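Student: Chain by chain, the residues run as shown.
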Amino acid sequence: MSTAKTPAPDPGEPQPLVELDDVSKFYGNIRALEGVSLEVHAGEISCVLGDNGAGKSTLIKIISGLHRHDAGTLRIEGEDTSLSSPREALDRGIATVYQDLAVVPLMPVWRNFFLGSEPTRGKGPLKRLDVARMRETTRTELLRMGIDLRDVDQPIGTLSGGERQCVAIARAVYFGAKVLVLDEPTAALGVKQSGVVLKYVAAARDAGLGVVLITHNPHHAYLVGDRFVLLKRGAMTGSHLRADISLDELTRQMAGGNELEDLRHELERAPVPTHLGGHPAKPAQETENTGE
Amino acid sequence: MARVRTGVRAVGAVLVMALGVSLAGCSSTGGKKAEDARKAAAAGGKSAVNTPRWTVAMVTHSGDGDTFWDIVQKGAEQAAVKDNIKFLYSHNDEAQQQAQLVDAAVDKKVDGLIVSLAKPDAMKAAVARAVKAGIPVITVNSGSAESKKFGALSHIGQDETVAGRAVGEELNKRGRKKALCILHEQGNVGHEQRCDGAKESFDGKMQNLYVDGTNMPDVQAAIEAKLQSDDSLDAVVTLGAPFADTAVKAKDSAGSKAEIDTFDLNEAVATGLKSGKLGFAVDQQPYLQGYQAVDLLWLYRYNADVLGGGRPVLTGPQVVTEKDADALLDYAERGTR
Amino acid sequence: MTATAQKTADERLVETSALRKLLGRPELGSVVGAVAVFAFFVVFADSFLRASSLATVLYAASTLGIMAVPVALLMIGGEFDLSAGVLVTSSALISSMFSYQMTANVWVGVGVSLLATLAIGVFNGVMLTRTQLPSFIITLGTFLMLTGMNLGFTKLISGTVSTKKISDMEGFAGAHDLFASTLTLGDVDFKVTILWWFGLVAVATWILLRTRAGNWIFACGGNKEAARAVGVPVTATKIGLYMGVGLGAWIAGQHLLFSFDTVQSGEGVGNELIYIIAAVIGGCLITGGYGSAVGSAVGALIFGMTSKGIVYAEWDPDWFKFFLGAMLLLATLLNHWVRKRAEASK
Numbered sequence: 001m002s003t004a005k006t007p008a009p010d011p012g013e014p015q016p017l018v019e020l021d022d023v024s025k026f027y028g029n030i031r032a033l034e035g036v037s038l039e040v041h042a043g044e045i046s047c048v049l050g051d052n053g054a055g056k057s058t059l060i061k062i063i064s065g066l067h068r069h070d071a072g073t074l075r076i077e078g079e080d081t082s083l084s085s086p087r088e089a090l091d092r093g094i095a096t097v098y099q100d101l102a103v104v105p106l107m108p109v110w111r112n113f114f115l116g117s118e119p120t121r122g123k124g125p126l127k128r129l130d131v132a133r134m135r136e137t138t139r140t141e142l143l144r145m146g147i148d149l150r151d152v153d154q155p156i157g158t159l160s161g162g163e164r165q166c167v168a169i170a171r172a173v174y175f176g177a178k179v180l181v182l183d184e185p186t187a188a189l190g191v192k193q194s195g196v197v198l199k200y201v202a203a204a205r206d207a208g209l210g211v212v213l214i215t216h217n218p219h220h221a222y223l224v225g226d227r228f229v230l231l232k233r234g235a236m237t238g239s240h241l242r243a244d245i246s247l248d249e250l251t252r253q254m255a256g257g258n259e260l261e262d263l264r265h266e267l268e269r270a271p272v273p274t275h276l277g278g279h280p281a282k283p284a285q286e287t288e289n290t291g292e
Numbered sequence: 001m002a003r004v005r006t007g008v009r010a011v012g013a014v015l016v017m018a019l020g021v022s023l024a025g026c027s028s029t030g031g032k033k034a035e036d037a038r039k040a041a042a043a044g045g046k047s048a049v050n051t052p053r054w055t056v057a058m059v060t061h062s063g064d065g066d067t068f069w070d071i072v073q074k075g076a077e078q079a080a081v082k083d084n085i086k087f088l089y090s091h092n093d094e095a096q097q098q099a100q101l102v103d104a105a106v107d108k109k110v111d112g113l114i115v116s117l118a119k120p121d122a123m124k125a126a127v128a129r130a131v132k133a134g135i136p137v138i139t140v141n142s143g144s145a146e147s148k149k150f151g152a153l154s155h156i157g158q159d160e161t162v163a164g165r166a167v168g169e170e171l172n173k174r175g176r177k178k179a180l181c182i183l184h185e186q187g188n189v190g191h192e193q194r195c196d197g198a199k200e201s202f203d204g205k206m207q208n209l210y211v212d213g214t215n216m217p218d219v220q221a222a223i224e225a226k227l228q229s230d231d232s233l234d235a236v237v238t239l240g241a242p243f244a245d246t247a248v249k250a251k252d253s254a255g256s257k258a259e260i261d262t263f264d265l266n267e268a269v270a271t272g273l274k275s276g277k278l279g280f281a282v283d284q285q286p287y288l289q290g291y292q293a294v295d296l297l298w299l300y301r302y303n304a305d306v307l308g309g310g311r312p313v314l315t316g317p318q319v320v321t322e323k324d325a326d327a328l329l330d331y332a333e334r335g336t337r
Numbered sequence: 001m002t003a004t005a006q007k008t009a010d011e012r013l014v015e016t017s018a019l020r021k022l023l024g025r026p027e028l029g030s031v032v033g034a035v036a037v038f039a040f041f042v043v044f045a046d047s048f049l050r051a052s053s054l055a056t057v058l059y060a061a062s063t064l065g066i067m068a069v070p071v072a073l074l075m076i077g078g079e080f081d082l083s084a085g086v087l088v089t090s091s092a093l094i095s096s097m098f099s100y101q102m103t104a105n106v107w108v109g110v111g112v113s114l115l116a117t118l119a120i121g122v123f124n125g126v127m128l129t130r131t132q133l134p135s136f137i138i139t140l141g142t143f144l145m146l147t148g149m150n151l152g153f154t155k156l157i158s159g160t161v162s163t164k165k166i167s168d169m170e171g172f173a174g175a176h177d178l179f180a181s182t183l184t185l186g187d188v189d190f191k192v193t194i195l196w197w198f199g200l201v202a203v204a205t206w207i208l209l210r211t212r213a214g215n216w217i218f219a220c221g222g223n224k225e226a227a228r229a230v231g232v233p234v235t236a237t238k239i240g241l242y243m244g245v246g247l248g249a250w251i252a253g254q255h256l257l258f259s260f261d262t263v264q265s266g267e268g269v270g271n272e273l274i275y276i277i278a279a280v281i282g283g284c285l286i287t288g289g290y291g292s293a294v295g296s297a298v299g300a301l302i303f304g305m306t307s308k309g310i311v312y313a314e315w316d317p318d319w320f321k322f323f324l325g326a327m328l329l330l331a332t333l334l335n336h337w338v339r340k341r342a343e344a345s346k
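Protein chains in written order, with my numbering: chain A, 1 to 292; chain B, 1 to 337; chain C, 1 to 346.
Read the hints as simulated data drawn from the structure, not as lab findings.
Note that the structure is a prediction, hence the values are computed from the model and not measured.
Mixed in with the good hints there might be a few duds.
With a cut-off of at most 27 angstroms between alpha-carbon atoms, the simulated DSSO-like pairs for lysine-lysine come out as follows [said to hold, decoys possible]:
(1) B:74 x C:321
(2) B:148 x B:173
(3) A:61 x C:224
(4) B:149 x C:165
(5) C:165 x B:148
(6) C:155 x B:226
(7) B:124 x C:155
(8) C:164 x B:148
(9) B:177 x B:323
(10) B:274 x B:323
(11) B:177 x B:149
(12) B:199 x C:165
(13) C:224 x A:127
(14) B:132 x C:155
(15) B:226 x B:205
(16) B:149 x C:164
(17) B:109 x C:165
Which chain B residues face chain C? A few, computed with CB under 7 angstroms, are given here [to be verified]:
(18) 90
(19) 95
(20) 100
(21) 103
(22) 107
(23) 108
(24) 111
(25) 119
(26) 121
(27) 122
(28) 186
(29) 310
(30) 313
(31) 314
Ideal Cβ positions, reconstructed from N, Cα and C, are used throughout, including at glycine.
Construct the complete structure from the given sequences, taking the supplied hints into account.
Tutor: Next comes the structure, spelled out in structure tokens:
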């Protein structure tokens with residue numbers, strides 16, 4: 001198992017970029033999220049793990065400004081705050097990359113890259129897109145993230161799911177995001193594609209961003225994560241530094257202790273119970289590549 | 001695949017059966033055969049003159065599938081055969097489109113042009129262009145007031161206000177007190193004039209009712225509702241032949257005693273007159289409008305003849321009632337009245 | 001990726017880029033269609049190739065194309081406007097009746113008409129973005145209301161179903177020159193609407209391809225949620241697009257008024273579909289996010305060539321609609337096929 005090149009979190013580090021302290025959110029009398037605490041530091045990846053319905057999306061919505069939290073404190077660079085819109089979150093340097101909503105499929109890659117923040121030149125009625133610069137920047141920025149596109153003019157819909165996620169990530173990095181929130185970036189992807197995406201997540205981290213990685217896959221999380229927060233039915237069931245927890249333990253907690261034992265018991269009757277054993281080997285190799 | 005095959009076979013079987021039935025069950029009266037026989041009795045395909053083959057274009061404001069204009073076209077075609085003329089017909093109910101069609105005819109350098117001026121201002125420039133290009137123009141149907149101003153040789157048609165007055169007078173003669181005028185096309189100036197003319201000469205009260213002429217069930221429902229809501233109505237005047245029959249249906253289901261009268265004529269109206277379902281019809285003889293227009297253009301090219309002396313040549317109104325119905329029925333059946 | 005793989009990829013790029021760039025254009029299918037229709041009528045209609053005939057065809061295409069441009073933009077932005085056809089008539093009616101009733105200079109009426117059509121565009125846009133209902137429903141409502149108002153107000157104010165003449169009023173000559181004059185080149189008369197049309201196509205193409213607003217239009221139609229998430233002002237973009245339709249309707253309406261002097265209040269119904277047809281023939285995706293202004297112009301040209309070509313070819317006009325429908329289907333299929341090929345070549 002790879003220990004990677006990720007430095008262990010240093011407790012003496014400066015204040016976190018984003019900090020959630022005992023945050024709760026209620027929809028009417030339904031508890032969507034209760035007592036969740038999370039720290040996001042520059043150059044680190046904080047993973048939020050949980051099954052469907054655990055409250056992951058509510059957490060994203062609070063961080064990205066779609067919903068306000070009801071209790072607890074949200075601090076951005078040490079300042080108590082409450083985000084009122086996605087625009088405000090963006091202005092404060094928090095960029096969110098949603099799994100499905102990331103891009104406009106029929107538009108060329110370079111138009112997607114700058115969508116919403118297009119550079120212009122000229123004045124008055126002659127104010128126009130700086131197309132040459134947009135194309136060039138897109139190419140170089142993607143290259144910097146390690147994506148080599150044949151043609152930035154191709155519709156982004158022709159890229160693979162992983163590549164699309166990567167363009168969205170590169171875009172957030174380029175536009176000066178300090179915190180990158182990734183919603184299940186690997187959920188719909190195959191093993192290889194997931195590896196590619198995780199590589200770019202790591203690249204974003206190395207660029208000095210704080211990353212929040214939302215996932216239900218502990219293997220993916222453990223490959224790149226520095227901190228792990230576990231959610232279950234809206235409540236926080238665990239918060240660990242990488243140094244304090246092993247992948248097995250994380251997987252066990254994630255699946256929920258006894259439930260996992262039951263599951264293992266059931267699966268033992270199956271003819272080839274390989275799903276836990278051999279899996280991490282290949283992605284681990286990918287992680288090795290990251291540092292090069 | 002198998003399903004598709006079965007489907008094809010089933011369709012084939014149905015077609016074969018339909019063909020068999022239609023061959024076996026011949027009708028000895030009416031139908032296509034009778035129509036063909038009637039057509040053979042007309043002038044045939046031979047022209048009666050030996051002038052060069054001139055081309056005449058006719059551009060009307062007719063909508064698609066209009067029965068009235070179909071008769072006009074038939075008259076024009078008959079005259080074209082007789083006069084050795086190549087006859088071209090086009091139509092559009094939007095003013096701008098109709099003007100463009102006239103432009104297209106001028107581009108074709110036709111030898112004569114027949115235009116209906118339902119929306120005269122829209123046609124002004126296009127007609128002027130034709131006149132400038134030296135093409136003789138005859139206006140038909142609507143536009144009697146503008147025809148001469150635009151430089152047309154003559155106008156052949158019916159003065160809608162005069163026709164309206166004729167209806168009003170006929171209603172008086174029949175002792176009607178309260179009438180309904182059914183306008184089936186909002187925005188048609190000629191229709192407004194018909195109703196206004198009728199109102200003018202009618203001694204009783206007359207109301208206008210707008211209906212959507214492209215939607216027959218709606219027309220019937222609207223007339224029916226009106227008749228039900230006011231049982232003092234004793235006459236309904238429709239502005240087009242197809243609507244007379246619908247008005248009769250509406251009257252029947254509303255249980256009203258109103259008399260149904262109509263502008264224009266067709267086979268159904270002739271039948272209705274004969275059976276007494278309809279009171280009278282005011283015909284403007286569309287066949288004559290088409291026939292005369294082509295014939296006059298031939299006369300102009302051949303002999304520089306112009307009819308009307310600068311005044312409109314009127315083809316109507318002709319009030320027809322039960323006693324004319326027998327003869328008219330034959331003509332309406334063959335599609336010339 | 002190995003060095004050799006990299007190299008082959010690059011070679012492929014060089015090989016296909018020129019052809020693919022061409023194939024990737026949304027209007028390609030329609031251009032092929034337009035050339036086919038043109039060739040067809042050149043063969044079958046002997047008077048089609050005359051300069052005056054072509055001027056008539058261009059005029060027919062321009063009166064339609066002026067509206068097809070903003071309608072295409074709107075479709076790229078993911079919405080429809082069923083009120084576009086009657087809005088043209090409204091524009092002409094407002095201009096004419098305002099000038100006449102107020103005995104004002106004709107230009108005042110022209111200005112009021114512009115404000116009114118833009119306001120109707122804003123109404124459509126605001127209703128759409130506020131209610132989140134499909135634009136089909138919203139603009140169907142506007143369409144019916146405008147149809148009724150056109151007739152109702154005209155009857156109420158003018159007493160008849162058409163407007164009064166305004167050609168003897170101050171400012172008419174100037175406005176006529178701007179919206180409805182005829183330019184003679186050699187011995188062929190070209191209508192000024194052709195210039196308006198070309199101008200609109202050029203401006204719309206500039207907006208679509210070279211401005212931020214254009215990027216937003218594509219994004220709104222392609223993936224509204226993604227656009228919103230990256231900070232594109234979706235609401236403002238959509239309202240702007242509807243105002244664009246208002247602007248087009250204003251130009252087309254003023255042409256109607258100043259070339260024909262009086263306006264029939266009942267006209268324009270059904271034209272909205274023809275605008276949409278022109279945009280679709282021109283390669284606009286009915287679901288939004290893809291298309292071009294030039295394509296809509298080519299679509300309008302196909303429509304103009306077909307509608308007048310049938311006259312030049314001396315065909316029975318009863319078949320016009322059939323022919324048009326067939327053209328639409330063929331153009332769309334061709335378009336679809338071309339796009340498939342374009343995507344396959346990537």
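Student: Confirm or reject each hint.
Tutor: Structure-based check of all given hints:
A distance of roughly 22 angstroms separates the Cα atoms of residue 74 of chain B and residue 321 of chain C; the hinted pair therefore holds under the 27 angstroms criterion. A C-alpha spacing of about 35 angstroms is found between residue 148 of chain B and residue 173 of chain B, which places the hinted pair above 27 angstroms, so the restraint is violated. The suggested pairing of residue 61 of chain A with residue 224 of chain C holds, with an alpha-carbon distance near 18 angstroms, which does not exceed 27 angstroms. For the suggested pair residue 149 of chain B and residue 165 of chain C, the alpha carbons sit about 16 angstroms apart, so the restraint of at most 27 angstroms is met.
Between residue 165 of chain C and residue 148 of chain B, the direct Cα distance comes to roughly 19 angstroms. Compliance with the 27 angstroms bound is thereby established for this hinted pair. Between residue 155 of chain C and residue 226 of chain B the alpha-carbon distance is near 22 angstroms, which keeps this suggested pair within the 27 angstroms criterion. At most 27 angstroms may separate the alpha-carbon atoms for a hinted pair to count; residue 124 of chain B and residue 155 of chain C meet this at roughly 23 angstroms. Proximity of residue 164 of chain C to residue 148 of chain B is assessed by CA-CA distance (about 20 angstroms); at most 27 angstroms being required, the pair is judged to hold.
Distance hint between residue 177 of chain B and residue 323 of chain B is fulfilled; the C-alpha atoms sit about 24 angstroms from each other, no more than 27 angstroms. Between residue 274 of chain B and residue 323 of chain B the CA atoms are separated by roughly 8 angstroms; this keeps the pair inside 27 angstroms, and the hint holds. With a C-alpha separation of about 40 angstroms, the suggested pairing of residue 177 of chain B with residue 149 of chain B is violated against the 27 angstroms cut-off. Taking the CA atoms of residue 199 of chain B and residue 165 of chain C, the gap is near 26 angstroms; set against the 27 angstroms cutoff, the hint holds.
The hinted pair formed by residue 224 of chain C and residue 127 of chain A meets the criterion: a straight-line CA distance of about 25 angstroms does not exceed 27 angstroms. A hinted pair counts as satisfied when its Cα atoms are at most 27 angstroms apart, and residue 132 of chain B with residue 155 of chain C does not qualify at roughly 35 angstroms. Between residue 226 of chain B and residue 205 of chain B the alpha-carbon distance is near 15 angstroms, which keeps this suggested pair within the 27 angstroms criterion. At most 27 angstroms may separate the alpha-carbon atoms for a hinted pair to count; residue 149 of chain B and residue 164 of chain C meet this at roughly 18 angstroms.
For the suggested pair residue 109 of chain B and residue 165 of chain C, the alpha carbons sit about 31 angstroms apart, so the restraint of at most 27 angstroms is broken. Taking 7 angstroms as the C-beta contact cut-off toward chain C, the hint placing residue 90 of chain B at the interface holds, the least distance being around 5 angstroms. Contact between residue 95 of chain B and chain C, as hinted, is supported at the beta carbon level, the nearest pair being about 6 angstroms apart and thus within 7 angstroms. At a threshold of 7 angstroms, the smallest CB-CB gap from residue 100 of chain B to chain C is about 5 angstroms, leaving the interface hint in force.
At a threshold of 7 angstroms, the smallest CB-CB gap from residue 103 of chain B to chain C is about 4 angstroms, leaving the interface hint in force. Proximity of residue 107 of chain B to chain C holds as hinted, the smallest CB-CB distance being about 4 angstroms (cut-off 7 angstroms). Among the interface hints, the one on residue 108 of chain B holds; its C-beta lies about 5 angstroms from the nearest C-beta in chain C, closer than the 7 angstroms criterion. Interface hint at residue 111 of chain B: violated, since its Cβ lies 13 angstroms from the closest Cβ of chain C, which is beyond the 7 angstroms cut-off.
Interface hint status for residue 119 of chain B: upheld, as the beta-carbon distance to the closest one in chain C is roughly 6 angstroms, under 7 angstroms. At about 4 angstroms, the closest approach between the beta carbon of residue 121 of chain B and any beta carbon in chain C falls short of 7 angstroms, and the interface hint on this residue holds. With 7 angstroms as the threshold, the beta carbon of residue 122 of chain B comes within range of chain C, its nearest partner Cβ sitting at about 4 angstroms, so the hint holds. At its closest, the beta carbon of residue 186 of chain B sits 5 angstroms from a beta carbon of chain C; the interface hint therefore holds under the 7 angstroms criterion.
Hint status for residue 310 of chain B relative to chain C: violated, with the closest Cβ pair at about 23 angstroms, above 7 angstroms. Given hint, residue 313 of chain B at the interface with chain C, is violated; its Cβ is 25 angstroms from that chain's nearest Cβ, farther than 7 angstroms. Given hint, residue 314 of chain B at the interface with chain C, is violated; its Cβ is 23 angstroms from that chain's nearest Cβ, farther than 7 angstroms.
Consistency with the previously given hints fails for numbers 2, 11, 14, 17, 24, 29, 30 and 31, ordered from lowest to highest.
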